[in-house]
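Asks: Single-letter residue listing:
There are 2 protein chains.
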Amino acid sequence: MPHCQILLHAARIVTQDAERHVLDSASMAIDHGLISDIGTTDEMTRRWQADTCLNLGKSLILPGLINAHTHVAMTILRGLADDMPLMDWLNKRIFPVEHHLTPRLVRLGSLLGFAEMLRTGTTACTDMYIFEADVLEAAATAGLRCLAGEVVFAFPSAACPTPTAALEATRDLVSRYRGHDRLRVAVMPHSVYTTTPQILAACRDLAAELDLPLHIHLAETPEETRVCLKAHGRRPIDYCRNLGLLELPCSLAHVVDVTEEELAVLHSHNAVVVHNPSSNMKLASGTAPVTSMLKHGMTVALGTDGAASNNRLSIFTEMRRAALLHKLHTANPVSLPARTAFDMATLAGARAFGDPRLGSLAPGQAADCVALDLTEPNMQPLHNEISQIVYSATGMETRLTMVAGEILYQDGRFTRFDYPALCEEIHDLQHFLRKTAGLA
Amino acid sequence: MPHCQILLHAARIVTQDAERHVLDSASMAIDHGLISDIGTTDEMTRRWQADTCLNLGKSLILPGLINAHTHVAMTILRGLADDMPLMDWLNKRIFPVEHHLTPRLVRLGSLLGFAEMLRTGTTACTDMYIFEADVLEAAATAGLRCLAGEVVFAFPSAACPTPTAALEATRDLVSRYRGHDRLRVAVMPHSVYTTTPQILAACRDLAAELDLPLHIHLAETPEETRVCLKAHGRRPIDYCRNLGLLELPCSLAHVVDVTEEELAVLHSHNAVVVHNPSSNMKLASGTAPVTSMLKHGMTVALGTDGAASNNRLSIFTEMRRAALLHKLHTANPVSLPARTAFDMATLAGARAFGDPRLGSLAPGQAADCVALDLTEPNMQPLHNEISQIVYSATGMETRLTMVAGEILYQDGRFTRFDYPALCEEIHDLQHFLRKTAGLA
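Going down the list, the sequences are from chains Z and A.
Sequential numbering from -11 applies to the first sequence in my numbering.
Sequential numbering from -11 applies to the second sequence in my numbering.
Check each hint, because a few of them may be wrong.
In this list, chains with the same sequence are indistinguishable; a pair is considered to hold if it fits within one copy or across any two.
DMTMM-like, lysine to aspartate or glutamate: derived pairs with alpha carbons at most 20 Å apart [stated by the list, open to error]: (1) K283 with E156; (2) K46 with D399; (3) K283 with E250; (4) K218 with D399; (5) K218 with E250; (6) K46 with E412; (7) K218 with D416.
I should point out that these hints are in silico values taken from the structure, not numbers from a laboratory.
Please construct the entire structure, taking both the sequences and the accompanying hints into account.
Replies: Here you go:
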């Protein structure tokens, strides 16, 4: 009888495998961070001998969700700046606080954000911010997967005085985490409007040299297009293409103000788009043409953006919002069905993250999964599992979150760190943060 | 020392009183279903002697939220029909199942829906459906407040063969519940396109005779306007005004396809609009001009609609969705700020419900309140309570829900009914429901 470390049992397993199997009364055998086998509990208990059996009862297991664009440390700014014009939001609230950020504040904010992600079923994320070494330390503490990069600006950040320093910080991260199973590094220029052609070329060269992916905010607003046209004579996507950025494996956050021709260009370069519906709505940036992107055959993942423009870090929220927003936007209730939203949060997320072991539950895949409590009122009756995941679940039904076969969250407890102590530290920071934002 | 039945303590109380006080380390004295006093815990413990002290620790107390438009029994249809064109949705899934509904199915679906409402901080709702006597029985079981009416159609429903029978059922409900503290009755014609002028006149007359409010779906889609213009030579709002419906105290669900002139008409009649952003997005009905309504000075409350077109019954979801949707719709991140969304769910909800004791926490008001767990990751840091309620909370942070000083939900337990037994009954219905929907 073959042996595995863990045998998980649950009422349902939604696999996202090639045939999109949904299994009743099912089990998953896990060994050394990977899924060994998956099938009905009857078969599996006959077939496998396990060190640990974990019976999740009336739960639904799904692949861990992937948050393909966030600034997790901004979680400490949650609620500091809402309902403001974009420039006031940035200049009066966000930038003044970010100017005072320290490695410790970034670590604390990141750990709180990662706690929220684990609590709401996210097992991997792409993060862009300052002091990214500290974000990755927090990710190492929390245990979830993170693709991270020090943000590159033309101007000084609290962490890096120059764009060169930001690229050196990226190089340091690579030497530290090369070959790490859960933590990976990307080159992350902030955007076209906060960099120069020279900086973007340096980003491109570093990514090519170190074989890294690239992540950037792109075509977020009509204003960005206007500024880019004025400064460089090209619209943002053409400008990036012309600089050779699209030759790299890249994921592009937002892509709201975009034409059909530009979508064809992005598709021909296999660029992954990261759609952030909550942030685009809250900041009134516009509606990304996601249904057109999907018709082009493009890969579109989901992101939360930071907690200062969302204010949650839940991919459940983004799945539902995407499905509803594009029905309204296209005036068609058939647009962006639940299945598509779920694929965006899992399979497309895995492509954005650049790890094909993620996004589905099948032998050989990573044992990254989430269990939702089916006994909550909003999870009943269970006529359709995918509909329930996308339209009914809030994410707070998460009972268990596992990465690489390791339980990171279960029934109110985080396994890797002292959550109540973190909350105390966050609480003690509130006055300082409000003061730096000019609110106290 | 004055005496009260209950003294509630919490880290914060968001009162929604005239000055919008938010109190730190605060307490609320409750006696015979009403709030006797509210203040800091220091003052209150010196001032009041209580039968029961309930310390909710790191919780935020807010007024119970009001769901001003739903079809709660449709909760048993959750997930049966998504991502479909409106007419297929109705004719192929919803109507066939509704044709087979029985009083028992309506009671079970309603109780599950009420459980979800209590679980997510809703303490009062307006419900329109068939077998409404059974909805009210379920509401009496669950304990929350309900303004209910038997839906009136021109055609037979599973409950009533004629519109006259539906109005008789309404009359019966009134004789049963007249003077009830929590359960009230309204006249509820379904819509202009499912009734006739004679039926609407009979509804108006019954409401006037029995001094009841009126609740109707109105101006939900451009298609409704087209049909109304063709059949009656008037747009829906003008048609209702002409029939005298707007002379009654009325709440109007949806009001999406509406002109500025029509808003002025509605405002001059003190009509309350109930905005259902999730349903309008999921069915691709369009965007109600809520910011214009508010500029007119109209009262706009929030509703979830039924679980077949949402698929949740959480007013937290609708607050956030409304705030985000109208920022996008007006291309202005300042539109519909968190405070306004919260007012819609509380103070405007109280007006829609027709009970001025609801929607705020102050001496003399009903002791209808909700406690949110502030220790969840998404509730930290707490820079701004209203932002946290509207943008960060999912509703699942609810630890306690109280109506008229009675605890109806606390930490996973419903106090008035056997929730696990209900879940078993719902589970056993699934096959039958799928079969009637043509899915099994």
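Asks: Next, verify each hint and record whether it holds.
Replies: Hint check results:
no.	hint	result
1	K283 with E156	neither (39 Å within a copy, 53 Å between copies)
2	K46 with D399	both (14 Å within a copy, 18 Å between copies)
3	K283 with E250	within (14 Å within a copy, 39 Å between copies)
4	K218 with D399	neither (53 Å within a copy, 57 Å between copies)
5	K218 with E250	within (18 Å within a copy, 43 Å between copies)
6	K46 with E412	between (34 Å within a copy, 12 Å between copies)
7	K218 with D416	neither (45 Å within a copy, 64 Å between copies)
Violated hints, listed in ascending order, are 1, 4, 7; each of the other numbered hints is respected by the structure.
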